[in-house]
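Participant: Using the sequences and the accompanying hints, generate a full structural model.
Chain by chain, the residues:
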Amino acid sequence: MAEQTVVDPANWSCPAPIRDQPVVVMGHGGGGALSAELIEQVFAPAYGNALLAGMTDSAVLHLGGARLAFSTDSYVVRPLFFPGGCLGDLAVNGTVNDLAMSGARPAYLSAAFVLEEGVELTVVERIARAMGAAAETAGVTIATGDTKVVESGHGDGVYVTTAGVGLVPERVDIRPQRARPGDAVIVSGPIGLHGVAVLSVREGLEFGIEIASDTAPLADLVATMLDVTPDIHVLRDPTRGGLAASLNEIARASGTGVQLAERAIPVPDAVANACGFLGLDPLYVANEGRLVAFVPPTEADAVLAAMRAHPQGAGAVVVGQCVTEHPGMVVVATGLGGTRVVDLPLGEQLPRIC
Amino acid sequence: MCLAVPGRVVSIDDTADPLTGLIDFGGVQKQACLEYVSDVKVGEYVIVHVGFALQRLDEESALASLRLFEELGLLEEEFGDAWQQAARQAAQPTEGSEVR
Amino acid sequence: MKYLDEFNDPKLARRLLDEIRATVTRPWALMEVCGGQTHSIIRHGIDQLLPEEVELIHGPGCPVCVTPLECIDKALEIAARPDVIFCSFGDMLRVPGTDRDLFRVKGAGGDVRVVYSPLDALQLARRHPGKQVVFFAIGFETTAPANAMAVHQAKRLGLANFTLLVSHVRVPPAIEAIMTAPACRVQGFLAAGHVCSVMGMAEYPGLAERHRVPVVVTGFEPLDILEGIRRTVGQLERGEHRVENAYARAVRADGNPAAIRMIEEVFEITDRNWRGIGRIPGSGWRLSEAYRAFDAEHRFDVTGIRTEEPAECRAGEVLQGLIKPTDCAAFGTSCTPRTPLGATMVSSEGACAAYYLYRRMSEPALPREEMNPVG
Chain A
1 MAEQTVVDPA
11 NWSCPAPIRD
21 QPVVVMGHGG
31 GGALSAELIE
41 QVFAPAYGNA
51 LLAGMTDSAV
61 LHLGGARLAF
71 STDSYVVRPL
81 FFPGGCLGDL
91 AVNGTVNDLA
101 MSGARPAYLS
111 AAFVLEEGVE
121 LTVVERIARA
131 MGAAAETAGV
141 TIATGDTKVV
151 ESGHGDGVYV
161 TTAGVGLVPE
171 RVDIRPQRAR
181 PGDAVIVSGP
191 IGLHGVAVLS
201 VREGLEFGIE
211 IASDTAPLAD
221 LVATMLDVTP
231 DIHVLRDPTR
241 GGLAASLNEI
251 ARASGTGVQL
261 AERAIPVPDA
271 VANACGFLGL
281 DPLYVANEGR
291 LVAFVPPTEA
301 DAVLAAMRAH
311 PQGAGAVVVG
321 QCVTEHPGMV
331 VVATGLGGTR
341 VVDLPLGEQL
351 PRIC
Chain B
1 MCLAVPGRVV
11 SIDDTADPLT
21 GLIDFGGVQK
31 QACLEYVSDV
41 KVGEYVIVHV
51 GFALQRLDEE
61 SALASLRLFE
71 ELGLLEEEFG
81 DAWQQAARQA
91 AQPTEGSEVR
Chain C
1 MKYLDEFNDP
11 KLARRLLDEI
21 RATVTRPWAL
31 MEVCGGQTHS
41 IIRHGIDQLL
51 PEEVELIHGP
61 GCPVCVTPLE
71 CIDKALEIAA
81 RPDVIFCSFG
91 DMLRVPGTDR
101 DLFRVKGAGG
111 DVRVVYSPLD
121 ALQLARRHPG
131 KQVVFFAIGF
141 ETTAPANAMA
151 VHQAKRLGLA
161 NFTLLVSHVR
171 VPPAIEAIMT
181 APACRVQGFL
191 AAGHVCSVMG
201 MAEYPGLAER
211 HRVPVVVTGF
221 EPLDILEGIR
231 RTVGQLERGE
241 HRVENAYARA
251 VRADGNPAAI
261 RMIEEVFEIT
271 DRNWRGIGRI
281 PGSGWRLSEA
291 YRAFDAEHRF
301 DVTGIRTEEP
311 AECRAGEVLQ
321 GLIKPTDCAA
331 FGTSCTPRTP
341 LGATMVSSEG
351 ACAAYYLYRR
361 MSEPALPREE
371 MNPVG
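Protein chains in written order, with my numbering: chain A, 1 to 354; chain B, 1 to 100; chain C, 1 to 375.
No wet-lab data here; the hints were simulated from the structure.
All of these numbers come straight from a predicted model, not from anything done at the bench.
Hints may be right or wrong, so weigh each one.
Below are the SDA-like pairs computed for lysine to any residue, each with C-alpha atoms no more than 25 Å apart in a straight line [what the hints assert, rightly or not]:
#1 Lys-2(C) x His-298(C)
#2 Lys-155(C) x Asp-13(B)
#3 Lys-2(C) x Glu-70(B)
#4 Lys-2(C) x Asp-281(A)
#5 Lys-11(C) x Arg-21(C)
#6 Lys-2(C) x Asp-39(B)
#7 Lys-2(C) x Gln-29(B)
Facilitator: Structure below.
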């Protein structure tokens, strides 16, 4: 599925309501309801197999006696370089994280480039080096690749598609359907950093802010958590659509409800204030180095402690719990003591004036 | 219609036409047109909508509002329902330490 | 003093709520006029914390909800032209026209761009002299000074490729129209704070007196909204109908005179259609004669547009507080946030969309098709 990481005011996607879309609109890559419809109505029927029905970030396959996690993702981001990283970091970390969210130890990646005629080679080189460095950090090997060039004006500079494989340890069964009432919902650190960092350098929107994208590999953090207990129910990296989209997907897949405490959700002040003046909700803003975990209540304290001892989980907190009420829905207890429903986004958020 | 947010004037560019300044929104900095608050000074707060400062914020009025809300609370606490009694006792275990 | 967190304090909110609860003795229907206030009410769950006697009616103060269909259709037609860069605030992109929206125009090759400020559109015009740059100038009094400045600058710079498609609306005539509707249920108004930051309060004493209705100028943070409600309920219980300012830190009695002068130079008052409500006399602004050359409706021939709203949509009655969304037969059946018939179902703060979400939350289980997992 296309990686469209943040709101793009010059190239935004569609939260719009006209349903009989005869053409592809940006929202089809937005990770919200339109993306889901594209999968359900076009891809799943055409491919016709049970593996896709799992709707997980990576498929878990039985091959040669092993359980193999397999995932692919395309990366498009504007601008290509942003505070805290670049397209190359996302392309490695994103696929590593998709594999990790099924509990797998990522091992090998492929990398396919689509380059636009006229792009400076130094740009390609910087992205490639970032990928090499990110792969080394994540402990994976980029084992194969491909390059295609399209004519000037037919691409956005550089697109990268990566695929990855990794082994899933025994007794580990992590998927959204396994969320159970009572599970603690843990977020691994402050949210909204990636989306706001990219927006801050987006043409036409530029604003000054001292934050960087959180792009990071999460496989080692996941391994640390699995050392505490293999019985982690769900893991998800809240990228497109942010925490709101991930939690809605989990609630719908498992038929449970999710309750969050607004005051527990770690939103850095700068993210909250940037969202404030653009009229965005931090719950819908993309992250690239965070995970959300559903953990049985008996294991929650131990898992949380292990996460906090890990550099990628130092800011981990319990933000809510899984409940039997309002199945399929995410409800936030506001700081004032009221509640509000956090729905699945249709596409992505746009800056608003109203 | 009215997404307008408060920010502090960091600097003013007198040469810009229209008059422009850098506004800090709690760690987020963005240029805004100051033409409608042209006598504003660095350090003052303004309310900004679609890149335009619409009004200076008056600290006296803001503090007066907050004081009023506090006083409402004091009146309530004199009587206080059971919930408030319990909350107060939980928050203040030492008898007589209450500040009115 | 940061002017934000201080006004979102749960302890003080509780005190304001207790005070409202102690004051109210019978049911009152209050309208918050501004969509920004509706957003804050939903976002913080304020409506659920109020005593049940206090009903909040979500008013028509949202350009997404009230910009007339024929204006949206004009925007769509202009935006589809190959020589045009069409600029808009993000809000308007998702608003359905008769048969498409701005996203679909972009999907079909139109150059449609979201801008943060009208001055950004002006910059685009300077950078692209070979293109016609059209800015969709929607909004209330709050946004008018910004849009006026953009066209004022364009005239000074002699830009021949910059125009505004204007659908500006004014709050006081809308309040007048709501109060004169025969079935009007509104007993008190929370007036829109930022509108008054610009315009001041001079337009409201006459309204309050004529309709014997309290008008309380109200801000947007949780404590501001609660204070606006507290003062309105207080007046109602005492049988008063005055104009009060509960947002004094940002609203002066005479507003912002420099901004008002610019609005009066660039715009003139006109009748305007409100989507779902109809024509309200004197409720809009259009470019004045001196700025007619910057009017997109004059530059592009879009006069032949005929529009029709879905017959079963009762959004207009909802916006005026005449019915609740659940009173509409289409609500939740043919009209949902994913398939809206009217603008009030489009944004999550629209009255119909807000009701829809809460109705779903109180249901024991969702229909099967709503439960599909997504990936």
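Participant: Does each hint hold? Answer for all of them.
Facilitator: Okay, the hints, checked on the actual structure:
For the hint pairing Lys-2(C) with His-298(C), the CA-to-CA distance comes to about 45 Å; that exceeds 25 Å, so the pair is violated. At most 25 Å may separate the alpha-carbon atoms for a hinted pair to count; Lys-155(C) and Asp-13(B) meet this at roughly 23 Å. Taking the CA atoms of Lys-2(C) and Glu-70(B), the gap is near 18 Å; set against the 25 Å cutoff, the hint holds. Taken as a hint, the Lys-2(C) and Asp-281(A) pair is honoured in the structure, with Cα atoms around 20 Å apart against an allowance of 25 Å.
At most 25 Å may separate the alpha-carbon atoms for a hinted pair to count; Lys-11(C) and Arg-21(C) meet this at roughly 15 Å. Distance restraint check for Lys-2(C) and Asp-39(B): the Cα-Cα separation of roughly 21 Å lies within the 25 Å cut-off, and the hinted pair is therefore satisfied. Distance restraint check for Lys-2(C) and Gln-29(B): the Cα-Cα separation of roughly 15 Å lies within the 25 Å cut-off, and the hinted pair is therefore satisfied.
Going down the numbered hints, you'll see the structure goes against just number 1.
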